[in-house]
Each structure stands twice: as structure tokens, then as C-alpha cells.
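Student: Chain by chain, the residues:
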Amino acid sequence: MVHQVTVLTELQSIISAEDVRPGSDEFAVDGIAPQAVVRPATVEAAAAVIGHANATRLAVIPIGGKQRRGPGNVPTRYDIALDVTALHAVVEYEPGDLTITCGAGITLGDLRKATAAAGQMVAFDPEIADEATVGGVLAADLWGPSRVSLGGPRDFTIGLRVITGDGLITRAGGRVVKNVAGYDLCKLYVGSLGTLVVITEATFKVQPLPKATRDLAFTAGSAAEACGIASESLMRGLSLRSVVVTRADERWRLDITLAGSEAAVERSARELASLAGDRGQETGDRDERADERPIGVRISALPSELPSLLEGLPTDARFLAYPTLGVVRMRLRDEGELPPLVAMGALIEDAPPEVKRGIDVFGPEPPSSAAGGLMRSIKAQLDPNGVLSPGRFVGRL
Amino acid sequence: MAASLIKDLQSAIGVKYVLHAPEDLLVYEYDATIERGLPEAVVLPETTEEVAAAVRVAKRHGVPVTARGAGTGLSGGAIPCEGGIVLVTARMDRILKLDPANRLAVVQPGVINLDVSRAAAPHGLYFAPDPSSQKACSIGGNVAQNAGGPHTLRYGSTVNHVLGLEIVTPDGDIVTLGGETLGVPGYDLTGLVVGSEGTLAIVTAVVVRLLPRAPATITLLAVFDEVREASEAVSAIIAAGVLPAALEMIDDKTMQAVEPFVNAGYPPDAGAALLIEVEGLEEETSEQAEAVRATCEASGAREIRIGMSPEEREKLWAGRKGALGALGRLAPSYYILDGVVPRTRLPDVLSGIYEACERYDIPVANVFHAGDGNLHPNLMFDDRVPGASERVLELGEEIMRLCVDAGGSITGEHGVGSEKRNYMSWIFSDDDLTVMARVKSAFGADERFNPGKIFPTSKGCGEVSSRMKAAIARIGPDAYV
Chain A
1 MVHQVTVLTE LQSIISAEDV RPGSDEFAVD GIAPQAVVRP ATVEAAAAVI
51 GHANATRLAV IPIGGKQRRG PGNVPTRYDI ALDVTALHAV VEYEPGDLTI
101 TCGAGITLGD LRKATAAAGQ MVAFDPEIAD EATVGGVLAA DLWGPSRVSL
151 GGPRDFTIGL RVITGDGLIT RAGGRVVKNV AGYDLCKLYV GSLGTLVVIT
201 EATFKVQPLP KATRDLAFTA GSAAEACGIA SESLMRGLSL RSVVVTRADE
251 RWRLDITLAG SEAAVERSAR ELASLAGDRG QETGDRDERA DERPIGVRIS
301 ALPSELPSLL EGLPTDARFL AYPTLGVVRM RLRDEGELPP LVAMGALIED
351 APPEVKRGID VFGPEPPSSA AGGLMRSIKA QLDPNGVLSP GRFVGRL
Chain B
1 MAASLIKDLQ SAIGVKYVLH APEDLLVYEY DATIERGLPE AVVLPETTEE
51 VAAAVRVAKR HGVPVTARGA GTGLSGGAIP CEGGIVLVTA RMDRILKLDP
101 ANRLAVVQPG VINLDVSRAA APHGLYFAPD PSSQKACSIG GNVAQNAGGP
151 HTLRYGSTVN HVLGLEIVTP DGDIVTLGGE TLGVPGYDLT GLVVGSEGTL
201 AIVTAVVVRL LPRAPATITL LAVFDEVREA SEAVSAIIAA GVLPAALEMI
251 DDKTMQAVEP FVNAGYPPDA GAALLIEVEG LEEETSEQAE AVRATCEASG
301 AREIRIGMSP EEREKLWAGR KGALGALGRL APSYYILDGV VPRTRLPDVL
351 SGIYEACERY DIPVANVFHA GDGNLHPNLM FDDRVPGASE RVLELGEEIM
401 RLCVDAGGSI TGEHGVGSEK RNYMSWIFSD DDLTVMARVK SAFGADERFN
451 PGKIFPTSKG CGEVSSRMKA AIARIGPDAY V
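Quick note, the sequences are listed as chains A and B, same order.
First residue of the first sequence? That's 1 in our numbering, and the numbers climb one at a time after it.
First residue of the second sequence? That's 1 in our numbering, and the numbers climb one at a time after it.
Do not take every clue at face value.
[As the list claims (entries may be wrong)] As a list, the in silico EDC-like pairs of lysine to aspartate or glutamate whose alpha-carbon atoms are at most 20 Å apart:
(1) B:K97 x A:D350
(2) B:K59 x B:D171
(3) A:K211 x B:E283
Read the hints as simulated data drawn from the structure, not as lab findings.
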């Protein structure tokens with residue numbers, strides 16, 4: 001390991017000394033603290049840091065709002081925390097174009113404020129605090145319940161400015177809503193967990209805020225019934241923004257958010273009430289006790305397989321199911337609950353380091369060897385010396 | 001050498017489906033662009049394994065492979081710029097699986113776009129990407145080009161509707177990317193391969209997402225005296241908080257060309273028309289239609305027609321859909337451009353385009369996806385007049401410059417192909433292009449899959465390789481007309 005004093009001194013010779021600090025637990029990833037924290041004020045300074053890390057083989061992990069540091073495998077090395085929060089400007093926003101360009105360090109809260117002022121929104125709604133940064137949310141491809149209606153980050157990210165592992169500042173995509181010039185590298189970068197590039201700026205499609213929204217909750221007799229109502233309301237074209245199925249003790253519950261015009265929301269609510277029949281509407285908030293459980297896993301299935309999958313979970317399981325997407329997010333008390341879920345193809349979305357050490361959070365099966373080979377080649381091309389978030393990704397890339 | 005290449009291809013996929021006679025090859029030297037390039041052999045595999053076998057033969061012989069769907073592409077994507085093998089997916093035309101409960105289908109690349117929606121229709125579902133060529137174009141081609149269409153405005157391009165792919169790599173390996181469920185771990189190689197124009201992989205199966213048909217649709221036609229009024233109305237509609245399913249513009253030249261055929265009822269002295277479609281629940285569509293009507297009137301529309309029934313809507317669309325065919329009557333040749341500008345720059349860029357065309361004295365008709373700023377100027381000319389093609393290409397380049405200078409892109413849905421590869425450096429830096437080239441080399445693609453596409457080069461497409469020169473010599477100059 002390179003001596004910490006050397007690391008700090010060298011970094012201070014590259015960018016402003018006040019932007020370099022000794023590492024601390026505040027920036028730890030999976031229990032590993034970096035030797036240094038840099039908070040570059042410009043993209044060029046960030047690229048200089050990465051270029052230096054590339055030349056000296058120091059491992060860099062980009063850090064945003066520090067809201068979710070559990071995704072991915074335990075890094076094999078971690079020398080420099082690259083804090084992107086200084087890159088937080090709204091670079092360009094023309095509401096009439098339905099696009100916004102901002103620094104990766106902008107928080108979701110600030111992005112929401114900027115667009116709401118013009119009656120618009122970017123379709124982010126991951127279950128994460130407002131302090132989370134755009135860069136982190138993109139790197140981890142965090143999506144929320146509105147994915148069913150508005151798509152996930154890959155669907156509304158139209159341009160990215162990034163730094164490769166060897167320090168090149170490059171752009172992918174553009175600033176217009178429709179664009180097929182060259183490879184769409186945005187798709188590759190979103191969800192790459194900081195292992196291919198560091199994202200420094202992003203351009204998103206925005207959309208008008210709905211004129212009306214309404215939250216509804218229904219009781220259902222079974223998972224199949226809850227999922228069936230969800231599927232039927234989708235097929236009928238009701239104004240769904242999001243649909244979530246949960247279970248508290250023996251009761252199945254369907255939470256639906258409607259969004260659209262007043263009249264459309266009103267009609268959707270009426271139709272949903274009749275679909276749900278005489279079981280009636282739930283009152284009160286959803287049981288959120290799940291959040292106290294330390295391990296988060298995600299299971300993907302075909303939507304048609306979801307009811308039986310859900311019925312098969314232990315009655316004290318705490319989960320959020322997205323019935324029209326075929327995805328279940330589940331919280332576990334301890335790693336003893338993992339093996340049967342992993343056997344079903346569950347991925348670990350976040351977990352304490354002591355749980356993650358020694359296992360591959362993406363599951364025991366590597367992706368098909370050929371696809372894994374392509375991923376390995378891409379990693380080698382964009383981060384030739386393996387200095388970006390080494391070991392965190394699928395196949396320990 | 002060529003004879004052993006043919007022999008090896010024949011043993012890989014059967015004698016009947018390897019074409020090599022000069023008169024057979026000529027059929028595959030073109031697509032819907034003005035480019036030409038002659039292959040040495042054409043193969044028509046039926047299965048993924050045959051595609052892989054043909055690719056391995058090509059690798060062994062060191063010849064490139066260019067995949068071809070229906071040949072309706074508008075950027076030269078299916079032209080074998082450097083000869084070699086053209087791999088036609090026409091026989092891979094089966095819908096392998098239709099799964100209405102999970103709103104998806106698995107299709108072979110040769111399936112025609114509209115046939116997917118036809119198959120899904122009894123279940124109330126459809127495949128959203130709807131390029132104008134949807135009755136003829138193939139899903140494989142849609143995936144290669146990341147095809148769009150009028151309804152991209154609300155529903156996105158092909159990439160937003162593809163869940164997974166089966167591909168054959170340049171080494172001849174069969175690889176599955178993504179899948180029928182969401183969240184297959186790993187880099188999003190599906191999203192990367194969509195739109196890669198056949199340069200990274202050959203797609204042999206596609207998992208497509210199907211959408212439920214909207215319960216109600218209303219189509220409006222708003223007629224304006226001036227193009228500028230119409231293009232300002234586009235931004236005004238968006239500013240009113242309405243996101244239509246489609247928002248198309250048709251200019252005076254197009255309307256005049258279309259009217260005699262379609263009898264769409266376009267006034268002969270109108271300057272432009274907007275075709276606007278809103279979709280959703282009845283309550284919402286009627287509100288949105290009212291908002292669109294009011295906005296268009298405020299922007300100076302002199303007449304607004306509303307289509308509610310499928311027949312009425314079809315009639316309003318007829319002029320838009322028949323536009324290209326009708327324009328073909330105005331001049332022996334036309335060159336369709338594809339550029340994108342930020343929506344708010346539309347009025348200025350359109351003025352710039354009309355000004356440039358006037359300066360070149362080349363007639364232009366604009367019929368395009370105004371809602372997402374995706375322009376399609378059609379330049380009309382006579383390619384038999386010496387120098388006419390060169391002037392049209394020069395004007396096309398100037399128009400592309402206008403789009404790029406406005407902060408736009410050189411292509412919104414037709415692809416870069418060979419047509420626009422040298423414009424890539426207008427919107428991407430050397431480093432940007434270096435990174436794309438690195439990704440290409442990660443696939444082991446080098447120049448083996450669809451060479452001469454996307455990346456800038458000093459070579460011209462159709463600038464014949466020595467192998468192709470030999471092929472042309474064989475058929476003789478008289479055959480090449």
C-alpha cells in the first residue's frame with residue numbers, strides 16, 4: 001500500500017490543496033476507509049485526479065450524497081474517495097425543450113426544486129433521501145415505483161459527461177430528446193456502479209408535473225388478487241403512476257398512486273374501487289417496519305409468476321412487490337434468511353460489509369460466460385488499469 | 001479466395017441459401033439511400049446457429065459481414081461498403097413467443113414491425129415503435145438503428161421497448177443479453193447493442209415489450225398560414241403541460257404534393273399543418289384535445305379538424321403517411337435528411353433551412369416529428385443532371401450544420417451509417433469517438449461487422465475494395481446500371 005502522506009502530497013500537487021483531505025470513516029465503503037478524500041471543483045480537476053490514480057494504480061470510488069453505500073461487492077481496494085458534490089450546478093435548463101443538464105453532484109431534492117419551479121419533473125423516485133445525488137442514483141441505477149409508468153433512469157437519461165479510468169473526459173448521448181448518433185454509451189454507464197467511468201454531468205428528459213395525483217390503498221384476499229387488480233388496471237389504461245403490493249401479517253395490500261388530469265384520476269379511482277370490490281379501501285399508512293432490517297435483496301420474475309412467488313414467502317417477510325414489473329424488494333433480518341432466496345435468483349441490493357464479505361452479491365452464478373466475457377472486455381477498455389471501484393461489480397469487475 | 005468462401009458458406013447453411021451469381025448480388029447492393037456497394041456473397045440463414053456458422057466462415061476468410069433486414073434503411077446501414085458477405089435475416093421471420101400475460105414477445109429479427117402489433121392486437125397490446133416504413137421494415141433493422149417514428153414523442157424509441165437480445169458476436173459466439181425479466185445483473189449490453197447499426201453484433205432474437213392500447217385516442221389537424229406560426233405552436237403545446245402521443249408537422253410543399261392523391265382536404269394556400277394525437281382515458285384525452293385546440297388557435301391556426309373515430313383519424317393521418325410517396329412525384333430523386341434540434345429552436349432552424357434551400361435553388365418539403373424536434377427535410381432533385389447530386393449533398397451538409405449549431409444532433413432515428421459518419425466529429429470530440437471505438441473493440445468487432453459505418457473515415461462507401469472491383473469486372477459495366 002502506498003503511504004498515506006505520499007498519496008495526500010501527490011494529490012495536493014494536482015488540484016487545489018484545500019480540495020484534498022485525509023480519508024475518514026465518513027467516506028468508508030463497506031467498512032473500508034480511503035486514504036484521501038478529494039472534492040474537485042471542476043470536471044478537469046476530477047479528471048486530473050483519476051489520471052493520477054491511473055498512473056499510480058490507486059483505486060478511486062466516486063462518492064455522492066452518501067445515502068446508499070451498500071450496493072455491489074466489497075471493493076478489493078479503495079484509496080481515494082472522489083467526492084463529486086461540488087459539481088452540483090444546473091448547467092442548462094430550457095423547460096420548453098423538456099430537457100435539463102446538471103452536475104452529477106446535484107441532489108435529487110435540488111433537482112426537484114429546479115424543475116418544479118417550471119411545473120416539471122425528472123422521473124426519479126427511488127426510495128432514498130432527498131440528499132442522494134444524481135450521480136449516485138445513476139451509477140446504482142436506482143429506480144422506484146413510478147418505473148411502471150415513467151421508466152427507469154436509463155429511459156430518461158439522454159446524455160452523460162464522464163471520466164474514463166484513464167482520465168479521458170468524454171460525452172455520450174447529447175442534449176436532445178431523440179438522438180441515435182453513435183453508440184448509446186449512457187445505457188452502459190447507468191448502473192455500472194462507478195466501475196467503468198465517473199459520471200460528472202447528466203442530461204435528462206423532463207416532463208410536466210401531473211395536474212392531479214391521488215394515493216389509494218386496497219385490501220386484497222391474496223397475492224394473486226392484488227396482482228390481478230394491478231394488471232387489469234394497467235390493461236384498462238387507468239392513470240397509474242405506481243403500483244406496490246405488500247403484506248402485513250396475513251393481510252395483502254395494494255398501494256396505487258394515480259396521476260393525470262383531475263377527471264382521469266377521478267375515473268381511475270372509481271374503476272379501481274369497483275375492481276377491488278367490497279373488500280374496501282385501506283386506511284392508514286403502509287407498514288414500514290421493514291426498513292429496520294439490515295439486508296436488502298431483489299428478486300426478478302415474470303409478472304405472471306409473482307403471485308405464487310409472493311405466496312411462498314414466509315408470513316413475516318417484509319417486502320415491496322412491483323406486480324406489473326415482476327420485481328420484489330425484500331428486507332431481511334440476518335444472513336440466515338439468504339440461502340433460499342439466493343437459490344431463487346435473489347441479488348443482494350445492500351447489506352452490511354460483514355454479510356457481503358466472502359460472497360458475490362450478484363448471486364453465485366456468473367452471467368453467461370460469453371456475456372461475462374464481453375463485460376470484462378468493456379471494463380478493460382474503459383478502465384485499463386482497473387482503478388475505478390475495483391471488485392464492486394458483477395463478476396468482481 | 002472467393003470460390004472457397006462460397007463453398008464454405010454453402011456447407012455451413014446449404015447451397016440454396018448462398019447467393020453469388022452477379023445478377024443475384026446486384027439486388028443486395030442498395031438500400032433506401034443513394035449509396036451502393038456490391039457484396040461478394042449473400043447468405044439467407046434460417047436459424048441462429050446458421051448465422052453463427054456463417055460468421056465463423058467469414059472470420060476464417062477475413063471478409064466482413066453486413067447484416068440486412070428489409071433494406072428500408074435511410075443511412076446506408078445495410079450497404080456492404082467493403083464488400084464481403086451480406087447476411088439477410090428475411091427467413092428468420094418467426095414470432096417465437098407471444099406472452100400477453102407478461103406483455104412481451106420474443107421475435108426473430110426478420111419479423112416485420114407491423115406484424116408484431118398485428119399478432120398482439122387480439123390481446124389489446126401492441127409494439128410501440130412505429131417508423132413510417134412499419135409495413136415493410138424488420139425488427140432486426142429497428143434494433144440496429146434504434147428506430148423511432150411519430151409516437152416516439154411519448155413512448156420512446158426502439159431501445160425503450162427491448163428487454164433482451166440474442167446476438168452472434170464477430171467471433172461467431174451466440175450470447176444472450178438481458179432477458180424476459182427486469183434486472184438481469186451486469187452492464188446493460190442490450191441497451192448498448194440497440195442502435196449499434198450492426199457494427200457490434202448480429203441480432204438473432206429480440207425480446208420486445210408490448211404496451212396496452214390506450215382506451216381513447218383523439219387526432220387533431222391544425223392548419224396555419226405560416227410555418228413559423230405552426231412551429232411556435234409546437235412549443236406552446238408542450239408549455240401548456242400537454243405531452244401528446246405524436247406531434248407532426250407537414251409544410252405547404254408537402255401538402256400540395258399530397259392533396260391530389262389523398263384528398264386530405266388540405267387548403268391549397270395553407271402554409272403548414274400540425275397533426276397532433278393525444279391518448280389516454282377519454283376524460284384526459286378530451287381535456288388535452290381542448291387544450292391543444294385552444295393553444296393552436298392562440299398561435300394563429302385558421303382551421304382545426306378533430307378526428308374521434310378510427311375512420312376520421314385514419315383520414316387525418318392519410319396525408320402524413322402518404323407524404324413520401326406523393327413527394328416522389330415532384331422530382332425524379334429526393335434526399336431525406338434526419339436531424340434533431342431542441343424543440344424551442346425549431347422556428348429559427350426551419351427558417352434557416354428554407355433560406356439555405358432557396359439559396360441553392362433546390363426545392364424542399366418538410367414533413368417531420370416536430371414534437372421532439374426531429375426534422376426530415378426532403379430535398380428534391382434530378383440525379384441525371386450533372387452535378388445535381390453533389391449540390392444536394394452539399395446542401396444536406398449545410399442543413400446538418402444548422403441542426404448541430406442549434407445544439408442538436410445529426411440523426412434522430414435514421415442512424416449514422418455511411419451517410420453521416422464524417423459528421424460525427426461535429427458533435428463528438430476525438431476522445432468521445434475513441435471511447436466508442438474502444439467499446440467496439442471490446443466486442444472484437446474491428447472492421448468485421450458492417451465496416452465503414454458510424455465512425456469517421458477518409459474512405460468513401462462504395463469506394464470499391466479490390467475484391468469488389470473483381471466482382472464488378474465479372475459482371476461488366478453494362479450490367480451495372
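Student: Each of the hints needs a verdict: does it hold here or not?
Tutor: Each hint tested on the structure:
Taking the CA atoms of K97 (chain B) and D350 (chain A), the gap is about 35 Å. The hint is violated against a cut of 20 Å. Distance restraint check for K59 (chain B) and D171 (chain B): the Cα-Cα separation of roughly 7 Å lies within the 20 Å cut-off, and the hinted pair is therefore satisfied. Proposed proximity of K211 (chain A) and E283 (chain B) is supported: the alpha carbons are some 13 Å apart, at most 20 Å.
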